Each structure stands twice: as structure tokens, then as C-alpha cells.
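Chains A and B, in that order, are what the protein sequence lines are. Each residue of the first sequence is one higher than the last, beginning at 1 in the numbering used here. Each residue of the second sequence is one higher than the last, beginning at 203 in the numbering used here.
There's no promise every hint is true.
[What the hints assert, rightly or not] Example chain B residues on the side facing chain A (calculated, C-beta under 7 Å, incomplete):
| no. | residue |
| --- | --- |
| 1 | Ala-223 |
| 2 | Gln-253 |
| 3 | Pro-257 |
| 4 | Pro-339 |
Keep in mind the hints are simulated off the structure, nothing from the lab. These numbers were taken from a predicted model, which means no experiment stands behind them. Note that beta-carbon positions come from the ideal geometry of N, C-alpha and C, so glycine has one too.
Number of protein chains: 2
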Amino acid sequence: MQVAIVTFDGFNELDSFIASALINRARGAGLRAYITTPTDTVTSMNGVTVQGQRPLEFIAEADAVLIGSGIRTRDVVADLGLLDALPLDPGRQLIGSQCSGALVLAKLGLLGSMPVSTDITSRPFVEECGVRVLDAPFHTEGSIATAGGCLASQYLAAWTISRTVGEAAALAAVDYVAPVGEKAETVRRVMSTIGAGAPALR
Amino acid sequence: MQVAIVTFDGFNELDSFIASALINRARGAGLRAYITTPTDTVTSMNGVTVQGQRPLEFIAEADAVLIGSGIRTRDVVADLGLLDALPLDPGRQLIGSQCSGALVLAKLGLLGSMPVSTDITSRPFVEECGVRVLDAPFHTEGSIATAGGCLASQYLAAWTISRTVGEAAALAAVDYVAPVGEKAETVRRVMSTIGAGAPALR
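For reference, chain A alone in the conformation it holds in the complex (with noise of 0.2 Å):
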């Protein structure tokens, strides 16, 4: 299975990375992430340069999506070239958002009346599509998940890990890549985390 960590210009790092770092702990469990960019390349919002792994167009070949954050998702919501070359399809596929990533999805009209997690910077201009904020790090409904905040995205990894090849291959992800140490507190809160915020699942 394939997740498209989806990636703009001016991308903030922890988001983009976090996530593709930590679902391709999992590649013995047959998933793999890619920084999927509408580029050749992007710059992040602290100046690294990162070749994209695959365009825009994998997404719909992905199994999941990511939509990372970044210091420009609002050029991007504001681009409907862009904005039309992300052919979401909840029924289909796992969606996910980081921080402003959120907008995104609102304004793709994927969210209908669910709630959402996001960072504080991004919450005004997401409760302005009409979408509500929860002050969580993590929530999901259906086939959607959003997270906030940027160290959140390894709740949105481990969802993403959790909900393609499953729980036990999450577990063993978030337990790899935890503090030494620190390794048990962090899969109960990463778990648990991930499974409050999907009631409707368990």
C-alpha cells in the first residue's frame, strides 16, 4: 500500500517528515510513504530544497493522503489549478491533514459537518470555511483524520500505519522511533490517542 505525503512550497519540515519518516517504518508491512509534490522540487519554509519522491498525479494511485502544512497553504487554497490536481476520494482512500493541511480539506468540501484539529495559527482562517476547531491534537471520522499542533503528526502516522496494514504494525512503528526510555509511555499515549479520536472504529 502507498501513502502520498502531499508536500507545497514553503512546507514546514516537522509535518512533511514526521509522517513519511515514521509510515516507512512499516515498509515490512507493505506501506510506503512518498514526498508527493506538484514540483520537481520545494523549499521548505526553513530554506531546504527537497526533490520531490512523486508528482501530484500519484495521488490517485495513493491509498492514503496527507496534506502536510506549511507557511503558503493559503496561496495554495487560493490556486483552483491546484486545488483541482488533488483528485481526493474519501471513499477510496485514507485523508489526512496536518495543521493547515485542514484548510485544504475544507476547502475541497471533504470535511461536510466534522470537526477538526489544526494548529493555532491556522485556526481562524479554518473556522472561516465554516469548519469547527477542537482544541485536540488529533481527531478523525471515517476515512478522515486531522491533527494539529506539528509534533501531532505521529498521531497521523500511526493512524495512517494502523488503518492500511494495521494496529500491531502501528504499535511497532511508534515503539521504534520513541525515546529511549521512553519507549511504553509514548505507544500508550500514541495509541490511545489514535484510538479516542476513532470511536467509530473500534
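Use these hints to put chain B onto chain A, whose structure you have.
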């Protein structure tokens, strides 16, 4: 003040990018981090190619140097030319290692009798160098700090900010990146971990 995030081919994205993104949150306090590479580009363990922001020569002018981790650190420490290109000076610089980066510090003879934090995979190789490995996510003595387990890179970054531009800037950076709804507990955990690791400095 400037921080070199030394990043080799085969690097782990979590290690280099959590540190660089978190440290760059303290830009307003006068701190900047740069992905520092031995070649113009490096490719991560998951196939992401990144343009280096600074060459290894930048180490000589950096106030702090963090050695990232990856799947080829054993090749790095076997390459005496590459080791020679890392003129680390704990008398003048803060020096940190993430996971297998501890092996680089050991081979450079920087650790003396200091025990370290490192990850489970790197542990036997670090111990082979005669260095004691702690079951702790973070350990610092004097101007050297070591972290183990990918997500422990948040501790290394917070320590770097705290020791260069101050504890308030570190606290603000951690607060910003922490998951929404978990900010207070994240700040408490990170600040207590880097404080607990540096009793001599309090």
C-alpha cells in the same frame, strides 16, 4: 548564532529535520540551523534527496554542531578523511549527537568517560568503542549532549536552543511545535528531560 545539523547520505529524516525545524523556531531569538552535508545533495534512508544548505566547512564557524543519524554511520566512521572533515571543538562549540551520531563522537575521542544516550541498533557499536550506554533518551555533560531514539531529537534541539539563546526561547519553540491540547505537558517533559540531563548546569 548558528547550528550545523551534520547530515550524511542515508540519513534518518526524523533526526535531522526535527532538530533543524525546532531550532529554527528560535530564529527570532537569533538562532539559525542549517542542514550541513559532505556533498551537494544527500539522500535519506527512505530515498528523499535533499540539497545541503551548508558544506562541512561550515562546522568551523558554527556555535553548535549536531551529528545526525542514519543507516550509513558505520561507513562514515570508517572514512578517516570524512572524520578529519569534522573539526569539532567542545571547548568552543556545543556538540550533540542523535542516535548513531554518538559513534562519530566516540571515534573522534570526544566522549572521554562520559556515558551516552543512543538508539538500540547503534548501542552495540557504541559499546564496542568502550563507551557506556544509558537507558535514557538524553544525556549531557558540559558542552556535549547525546540523544537516543528518533523522537528524542526534540530534546537535543531544545537543549541546543536553551544553551545558545536561553531557556525561554527553548520553551517557546517546544510550545509552538507541541501537539494542540498537549502543549503544557510536552513543554514540561522536554524541559525537565534536558534539565535532568544537565544537573551541573542548573
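Against the structure, the hints:
no. : hint    : in the structure
1   : Ala-223 : 4 Å, holds
2   : Gln-253 : 4 Å, holds
3   : Pro-257 : 15 Å, violated
4   : Pro-339 : 3 Å, holds
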